[in-house]
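Student: Each chain, written out:
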Amino acid sequence: MSAPVNRDPVQKLPTGIASFDVIAKGGLPENRTTLVSGTAGSGKTVFAVQFLSAGIEAGVGGVFVTFEEPAEDIRQNMRSFGWEIEKWERDGLFTFVDASPDPMIETVESGSFDLNALLARVENAVRKVNAKRVSVDSLGAVFSQFSDQSTVRRELFRIASALKSMKVTAMLTAERTDDYGPIARFGVEEFIADNVMVLRNVLEGEVRRRTVEILKFRGTDHQKGEYPFTIIAGEGVVVIPLSAIQLRQRSSNVRISSGSAELDKMCGGGFFRDSIILVSGATGTGKTLTVTQFLRGGAAEGERCLLLAFEESREQLFRNAIGWGVDFEAMEEAGTLKVVCDYPETLGLEEWLISIQKTVRDFKPTRVALDSLSALERVGSIKSFREFVIGVTSFIKQQEITGLFTATTSTLMGGSSITEAHVSTLTDSIILLRYVEMFGEMKRGMTVLKMRGSAHDRGIREFTVDQRGMHLGRRFRNVTGILSGAPMHVSPDDLERVWTLFDAELDQGKRSGEPEDRRARERRRSH
Amino acid sequence: MLERPQAAEDDRILATPTLIKQLPPPLRRVIGDLSDKDKVLLGLEVSPTITRKSPESSQ
Chain S
5 MSAPVNRDPV QKLPTGIASF DVIAKGGLPE NRTTLVSGTA GSGKTVFAVQ FLSAGIEAGV
65 GGVFVTFEEP AEDIRQNMRS FGWEIEKWER DGLFTFVDAS PDPMIETVES GSFDLNALLA
125 RVENAVRKVN AKRVSVDSLG AVFSQFSDQS TVRRELFRIA SALKSMKVTA MLTAERTDDY
185 GPIARFGVEE FIADNVMVLR NVLEGEVRRR TVEILKFRGT DHQKGEYPFT IIAGEGVVVI
245 PLSAIQLRQR SSNVRISSGS AELDKMCGGG FFRDSIILVS GATGTGKTLT VTQFLRGGAA
305 EGERCLLLAF EESREQLFRN AIGWGVDFEA MEEAGTLKVV CDYPETLGLE EWLISIQKTV
365 RDFKPTRVAL DSLSALERVG SIKSFREFVI GVTSFIKQQE ITGLFTATTS TLMGGSSITE
425 AHVSTLTDSI ILLRYVEMFG EMKRGMTVLK MRGSAHDRGI REFTVDQRGM HLGRRFRNVT
485 GILSGAPMHV SPDDLERVWT LFDAELDQGK RSGEPEDRRA RERRRSH
Chain E
60 MLERPQAAED DRILATPTLI KQLPPPLRRV IGDLSDKDKV LLGLEVSPTI TRKSPESSQ
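Quick mapping for you: the protein sequence lines, in order, are chains S and E. To convert a position in the first sequence, counted from 1, into the working numbering, add 4. To convert a position in the second sequence, counted from 1, into the working numbering, add 59.
It should be emphasised that the hints constitute simulated quantities derived from the structure, not laboratory data. Watch out, some of these pointers could steer you wrong.
[Unchecked claim] Partner residues aside, some chain E positions facing chain S, computed with beta carbon under 7 Å:
1. P64
2. R87
3. S94
4. D95
5. K98
Predicted, not measured: the structure shown is a model, and the values here were computed from it. The C-beta atom is built at its ideal place from N, Cα and C for all residues, glycine as well.
Next up, chain E with everything else stripped away, as it sits in the complex (with noise of 0.2 Å):
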């Protein structure tokens, strides 16, 4: 980011770190130094689908 702060500019960014999640859309970002994993989860959209497939899985 320091080298490369035009690369900031382009994508707008204010935070670091922000980790950006591209694909699969919408676009989603997560600043902060990713400590709190239930806050990450639900930034990337993921925590839901796994929260719905274990209690599938278990059956």
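Chain S with its partners taken away, still in its complex shape (with noise of 0.2 Å):
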């Protein structure tokens, strides 16, 4: 009989924490303990009590060890996350062990003493309701509650150990006081526990921002460095795995329609399945109408879309659609369209990760638009706006659908935005809107800079829109300089020729105008 080759033997525990698993590849180590290590208001209590929660959503029993709060008050706080902490107690599947202090009790310490009532209670508790996971919060108040700290010490060991030899996976809470800075408050905490991570919640620019981090698995791998998570009413912690979601993306060679003929053939016959298409520039070039044109092309072959727009409301977005030839109204009638408009300042760009993909996971669109990113960039720092932006687009790809997203560029000429270069390098293509400024007037342009996996049109046409949508014309020959934003044509001796290529009946008007107005000046000369 040949063993398995066991290349990781400390067995993972999926926690059911949304995407906690997926950092901690895995879940925690099962039957040991876990130290949870936060400053104030860093949501320990909230991960402790989810922790057994998810457990009980299994069927797991768990006990919760509350130093700290009294186990009403945790009944009562928890209900807002709807976990019913007193259904699951009359179903036998979750019992307190409350250790809080009873301010009506006076305690004196008189010589040496131990624990081992505690330990007997939580025994007793394990046994009772079959517990598998046990949540302690938390080791500082057992300090707190006791003058004589190496006999807590000691005795906190002793209960650790006790917990491995009950066979069950436990998290212990812990406080510090600093978000960097030694891991808890009486620098034994992270000895007593196997595993240590760390919950932060940063004061970033007027905005509070939470990230997870595992800092030691023993004898197991993880995740490094920090994920934000966020903690939302009615579901509690819900971390958002960055790098993670990325490695099992896949890409499909399917092609679908931009909505625009003219476009499919300058991206080398459309987009791409499942693939993020970036669209960027100033105000007004384009960027909504090249949003509802892609709406358009998914729903004239019956795929289901979804318009997430920030910009605009859905009155104004209707109203331009049926400008450009677009119905909205009948395409959400057909059920092919969804539209969802919001201030972007009524979440946090977590909460806003985490609605959208709940939007995408209970509609079911094969097309996404989200109109702009750039507005979002001013809810959060850039380092939150960074995160989103890969969290929704690996969310995205992992559906296997397409995002269309916009960015406005702040200079009207060209330039790049933030938005643009926090997302550029994460989209597969992107297509680039920009005003030309030619001989007093200013033309659009529209380049595709870059088609991931496809050839393409790497010219860059002048457009127009009518209220058929856009019509992509001849390429801007002899100009360069349209993308820094300082457009120049090559060669003056040129002139004549470049006014052909922009519009040929201007071009007419042109000619046919000026040699009037050489005969009006001359006849006024000889006056």
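Relying on the hints, combine the two individually framed chains into one complex.
Tutor: Here you go:
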């Protein structure tokens, strides 16, 4: 009998906390103790209760040992997350060991003692509900209940090792005074547990940003670094894994229409099914139009399309679409379109990510358009924004659907936006829309800057917009510097030729107009 | 305690040994092996009475 090679002798217990298992590479090490350290308000208690809640959902009993908040407070506080602790207690899946200080009882220490009574209570509770998960909240509060610190230290070590022999997976919380300082207040907490995790709640540019970091998992692997998370009503802790989900992306060769045959041609036959397209341009260059066409293209093929609009109101969007010959209302009635309009400021970026993911999961679209990323840029710090973009792009790719994002550049003529700088490497295709100032007129130009995995038109094409949408014209030949925002035509001698390249009608008008002017001037002179 | 952990649960006891004074109120607890006599007396609120009484009785 050949025993299979056990590469990872430490078994992982999937916690069931959204995405936490991804960064923990499977979950918490089973039958071990994990310290969760964090400053006040970093979400330790919520995390500790959720760890049990996720187990209970799978029918696994849990014990919550509280040294800080009385059991009744916890029952009440956790209701907002949809965790009905009373029901779990009635079902015999959950029990408290309430070791919170009772203000009515005065306690005096006289001589040496141990915490055998507490240990007996924990063991009793574990037996009672057949618990596989135990949360202890918090170790720091044990220290503050007794004056003999060395005894407490010794007893905590004993309890930790007793928990291991009880064959339960335990989560112990601990306070820390500083988000980037010693792991925990009493300096010993991290040695009591096998594994250490840190929750942070950092104030960054007037915005709070929560992150979770796994510091060490004894004898097993985990993702390194800080991962943002959010705490939301009805769900609790939701971790946002960044690099983790990117690893699992596949890519397809199926092409879909952009909604404009001419643009499809420029892209070498259309967008790829599971790709992310960024449309970048100054205000009014035609970003929302590109989005509208993209949605029309999807609806025409009976696909479900989702529009997340952060810049314009519903009415405005629908009116604009009508102006381009697209009826959003009819598309919504047919069930091929869902338009979600919201102010970016109503939620934090982490919550937006969760909310977008939920909308996509519920509506199951094959095309998602987000107009615009730049509007969301101002909601959080640059770091959170980058994480949001990574989160949303990798989520969309994971769903194997197409995502079209827009970004607004701050300058009219060219340059790049913060959005672009953070998104460009994550997107598969980039379409630039630019104003081109030529001879006293603003023209609009479009170019496909990048099209991952495909040949594409490298020219900068002029385009016009009418009631049927976008029309791509010819290339801006003999013009250089469009992208940098300073267009110059290459050979001044060829002025006539450049004119003919843009607009034949206008060109004719000018030419016929000029001699008239000259004649008029000559007439005036002769008078 | 180890035989009847539920009793410890009901009385919310953590440390062993714990001495509980229920009557007369207020409720007092003394934890530890009672080696520090003054602390025990203090904890049970008996020592102030003794110290007050003893000078009286000697007079």
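Student: Now tell me if each hint is right for this structure.
Tutor: For each hint, the structure was consulted:
1. P64: Hint on E:P64: holds, closest Cβ of chain S at ~4 Å, below 7 Å.
2. R87: holds, 6 Å
3. S94: holds, 4 Å
4. D95: holds, 4 Å
5. K98: holds, 4 Å
Consistency with the previously given hints is maintained throughout, with no hint failing.
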